[in-house]
Amino acid sequence: MSFFVDSVIMFTSQVLFFGFGWLFFMRQLFKDYEVRQYVVQVVFSVTFAFSCTMFELLIFEILGVLSSTSRYFHWKLNLYVILLVLIFVVPFYIGYFVVSNIRLLQRQKLLFSCVVWFTFMYFFWKLGDPFPILSPKHGILSIEQLISRVGVIGVTLMALLSGFGAVNCPYTYMSYFLRNVTESDILALERRLLQTIDMIISKKKRIGATRRMMYLRGEDQNKQTGFWGMIKSVTSYPPGSENLSLIQQEVDALEELSRQLFLETVDLHATKERIEYSKTFQGKYFNFLGYFFSIYCVWKICMATINIVFDRVGKTDPVTRGIEITVNYLGIQFDVKFWSQHISFILVGIIIVTSIRGLLITLTKFFYAISSSKSSNVIVLVLAQIMGMYFVSSVLLMRMSMPLEYRTIVTEVLGELQFSFYHRWFDVIFLVSALSSILFLYLAHKQAPEKNMTI
Amino acid sequence: MASLDRVKVLVLGDSGVGKSSLVHLLCQNQVLGNPSWTVGCSVDVRVHDYKEGTPDEKTYYIELWDIGGSVGSSSSVKSTRAVFYHSVNGIILVHDLTNKKSSQNLTRWSLEVLNKDSSPTRVIVTNGDYDREQFADNQIPLLVIGTKFDQIPENKRNEVLTRTAFLAEDFNAEEINLDCTNPRYLAAGSSNAVKLSKFFDKMPGFSDRKRFGAGNFKNLHYD
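Protein chains in written order, with my numbering: chain W, 1 to 455; chain R, 1 to 223.
Hints were generated in silico from the structure; no laboratory data involved. For each residue, glycine too, the CB sits at the ideal point set by N, CA and C. It cannot be assumed that every hint is accurate.
[What the hints assert, rightly or not] Which chain W residues face chain R? A few, computed with CB under 8 Å, are given here:
{"#": "1", "residue": "E34"}
{"#": "2", "residue": "I59"}
{"#": "3", "residue": "I197"}
{"#": "4", "residue": "I200"}
{"#": "5", "residue": "G208"}
{"#": "6", "residue": "T265"}
{"#": "7", "residue": "V266"}
{"#": "8", "residue": "H269"}
{"#": "9", "residue": "R357"}
[Claimed, not checked] The following label-pair restraints were derived from C-beta to C-beta distances:
{"#": "10", "chain 1": "R", "residue 1": "K101", "chain 2": "W", "residue 2": "I370", "range": "17 to 23 Å"}
{"#": "11", "chain 1": "W", "residue 1": "I275", "chain 2": "R", "residue 2": "V194", "range": "51 to 57 Å"}
{"#": "12", "chain 1": "W", "residue 1": "F88", "chain 2": "R", "residue 2": "A193", "range": "52 to 58 Å"}
{"#": "13", "chain 1": "R", "residue 1": "L32", "chain 2": "W", "residue 2": "Y442", "range": "38 to 44 Å"}
{"#": "14", "chain 1": "R", "residue 1": "L32", "chain 2": "W", "residue 2": "F177", "range": "26 to 32 Å"}
{"#": "15", "chain 1": "W", "residue 1": "I370", "chain 2": "R", "residue 2": "R184", "range": "30 to 36 Å"}
{"#": "16", "chain 1": "W", "residue 1": "M214", "chain 2": "R", "residue 2": "K198", "range": "54 to 60 Å"}
{"#": "17", "chain 1": "R", "residue 1": "K101", "chain 2": "W", "residue 2": "F120", "range": "54 to 60 Å"}
{"#": "18", "chain 1": "R", "residue 1": "Q104", "chain 2": "W", "residue 2": "S245", "range": "19 to 25 Å"}
{"#": "19", "chain 1": "W", "residue 1": "F123", "chain 2": "R", "residue 2": "L32", "range": "35 to 41 Å"}
{"#": "20", "chain 1": "R", "residue 1": "L32", "chain 2": "W", "residue 2": "S245", "range": "46 to 52 Å"}
{"#": "21", "chain 1": "R", "residue 1": "D56", "chain 2": "W", "residue 2": "F366", "range": "54 to 60 Å"}
{"#": "22", "chain 1": "R", "residue 1": "R184", "chain 2": "W", "residue 2": "I143", "range": "56 to 62 Å"}
{"#": "23", "chain 1": "W", "residue 1": "T12", "chain 2": "R", "residue 2": "T162", "range": "38 to 44 Å"}
Please model the complete structure; the sequences and the hints are all you need to start from.
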C-alpha cells in the first residue's frame with residue numbers, strides 16, 4: 001500500500017518537473033524561434049524531469065521520507081531511464097537532426113542517423129579505456145560500465161564549468177577590474193565607426209558608377225565582332241576594371257574595420273553600464289561579494305593542488321567535520337543526529353539548487369550565443385545531453401558531501417565505482433580550468449586598454 | 001565624394017530572416033552565395049532612377065543599411081545600434097514567412113528606431129505592444145518584406161499570406177513576399193518591382209524637408 005502511495009508521489013513530482021522543463025524551454029530557450037519539431041521539446045523536458053527526480057530522491061534519503069524499499073526501487077528505475085535517455089535517445093536524435101540539415105543525405109535519414117549513433121557508441125565505449133574506473137568483476141553489459149563513462153564526461157564538464165566560474169565570478173563582480181571609460185571615449189569611437197561606414201558608402205558608390213559606365217560602354221564594345229575584335233577585346237580591357245578590384249579590396253578591409261569598431265563600441269557601452277551599476281547599492285553589495293568569492297576561489301585552487309600533490313581524498317564530509325569541531329573545540333553539546341540530518345539537508349539542498357540554476361543560466365547564455373534558426377534543434381539536444389550528464393555526475397560527487405549514513409544508498413544504487421578516482425579527476429580538471437581561465441582573462445584584460453589607446 | 005542628397009534606408013529584422021541576402025539582391029541583382037552573420041552594420045548601395053521616364057528623372061544612390069542583431073539584445077548592443085538610426089529616410093522591415101515570431105518582433109524593431117527619433121519633449125510610454133497611434137504620426141515610409149516564400153508548405157500558404165497582409169496594414173505599409181535566392185521575384189515589370197520602385201520614389205521627397213534627428217542630435221554625417 002505504501003509503495004503505491006510513494007509511487008504516486010514520485011510520479012506527481014516527475015510531472016511537475018516535466019512541466020517546469022517544458023515552460024523553461026518555451027519561455028527562455030526558444031523564445032525567438034518557432035518550435036516545429038515537438039519531439040525536441042519533449043526530449044529536453046524528459047531529461048530535465050528525470051535529472052531533477054534524482055536530486056529529489058537524494059533529499060528524500062536525507063529526510064527519511066517514503067519507505068526505504070520504494071526509495072531504492074525508484075532510484076534504480078530512475079537511473080535506468082536516465083541512462084536510456086542519455087545514451088540511446090538523445091544521441092540518436094542529435095544524429096537525426098544533424099543529418100536532416102545536410103541536403104545530400106536527405107533520402108536515407110534513418111540509416112545515416114543510425115550510423116552516427118553507432119559511431120557515438122564506439123567512441124563512448126573507448127572512453128573507458130584510459131581511466132581506471134572499473135573493478136574487473138563487472139561484466140561487459142553491466143550498468144556500471146555505462147554509468148562510469150557517463151560519470152567521466154559529466155565530471156569533466158562540471159570541473160571545467162566550476163573552474164571557469166570560480167575565476168570569472170570575482171572578475172565580474174569586483175569593480176577593481178573595471179576599466180575607466182568616459183563619455184567622450186564612446187563618442188569618439190562612435191564617430192570613427194560612422195566615418196568608416198561613410199567611407200564604405202562612398203567607395204561603393206564609385207564602384208556602382210564605374211560599373212554603370214562600363215555597362216554602357218560595354219554595349220558599344222560588344223559590337224566589335226569578328227576575329228580581330230575578339231583579340232582586341234582580350235588585350236585592351238577597360239581601365240575601369242583594374243580600379244574596381246582595387247576599390248573592392250579597400251571596401252573589404254574597411255568592412256572588417258567597421259565590424260571591429262562596432263564590437264569595441266559595444267564593449268565600451270557595456271563597461272560604462274557596469275561602472276554605473278557598481279555605484280548603486282546593489283553594485284556595492286556585489287563588489288563586496290566579489291572579494292569574498294576571490295578568497296574562496298584561491299582557497300579552492302590551493303585545496304585542489306594539495307589534494308593532487310599529497311594524493312589524498314577527503315575522508316569526512318563538511319557536515320560531520322563541522323559538527324566535530326563545534327562539539328570538540330567549542331564544547332557545545334547538541335543532538336548530533338538530529339542536527340546532522342538537518343544541516344546536511346540544507347547544505348545538499350543549496351548545492352542542488354545553485355547548480356541547477358547555474359547550469360540553466362549558462363546553457364541559456366550559450367544557446368543565445370551560438371544558435372541560429374537552422375541549428376537550434378541540434379544545439380538544444382546537445383544542451384540536454386550535457387545537462388543530463390552534469391546532473392548524474394553531481395549526484396556522484398555529492399556523495400562526498402554527505403554523512404556516512406546517507407552515502408550508502410548512492411553506493412548501492414550506482415554500484416561499486418571508484419569514487420575516489422572521480423574526485424581526483426575533478427580536482428585535476430578544476431585546477432587546469434581555473435588556471436587557464438586566469439591566464440585567458442589576464443590576456444583579455446591586458447589587450448583591451450591597448451586597443452582603446454590607439455584611437 | 002558623396003552626392004548632395006543622401007538617401008538612407010534601414011533594413012531591420014530578426015537574426016536569420018535573410019536581410020543580407022535581400023540587400024545583396026537589391027543592390028547587385030545577384031543572389032548572395034555565402035550568407036554569414038552580420039556583425040554591426042553592413043551597407044550597400046542601390047542605383048535608383050527616380051521618376052523614371054518623366055522629365056524629372058534623376059538618378060539617386062540609395063544606401064541600404066543592413067543592421068544585424070536581435071530585438072532581445074543586451075542594452076549595450078542596443079545603445080551601439082542607436083548610432084545608425086540618425087537621419088533615416090525609410091525603413092524596410094524584413095520577416096521570415098516560415099517563422100511567426102520574426103513577424104511579431106517587427107513591431108519592437110520599428111519602435112526601437114522610431115523612439116530614437118522622437119523629439120525629447122514627447123515621452124513615449126509603451127510596453128512594446130503595438131499601438132496604432134504611434135504609427136499614425138510616423139512620417140518615415142515603411143515597407144514590409146517577407147522572405148523564404150518558397151519554403152511555405154502549399155496548404156499553409158493562404159493562412160500565412162492573410163496574416164502578413166494584416167501585418168502590413170498595421171504598419172500602413174506595402175508588402176512584398178519573395179525568395180531571396182530567386183531574382184525572378186524582382187524581375188522588371190513584376191508587381192513586386194513596381195511596389196519597390198514606388199517605395200523608393202517616396203524617398204527623395206524627404207531631402208527637401210528637414211531630415212529627422214538632424215537638428216536634435218549630433219550630426220555625424222559628412223555631407
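*List, from low to high, the hint numbers that the structure doesn't satisfy.*
The structure breaks hints 2, 9, 14, 16, 17, 18 and 20; every other hint is satisfied.
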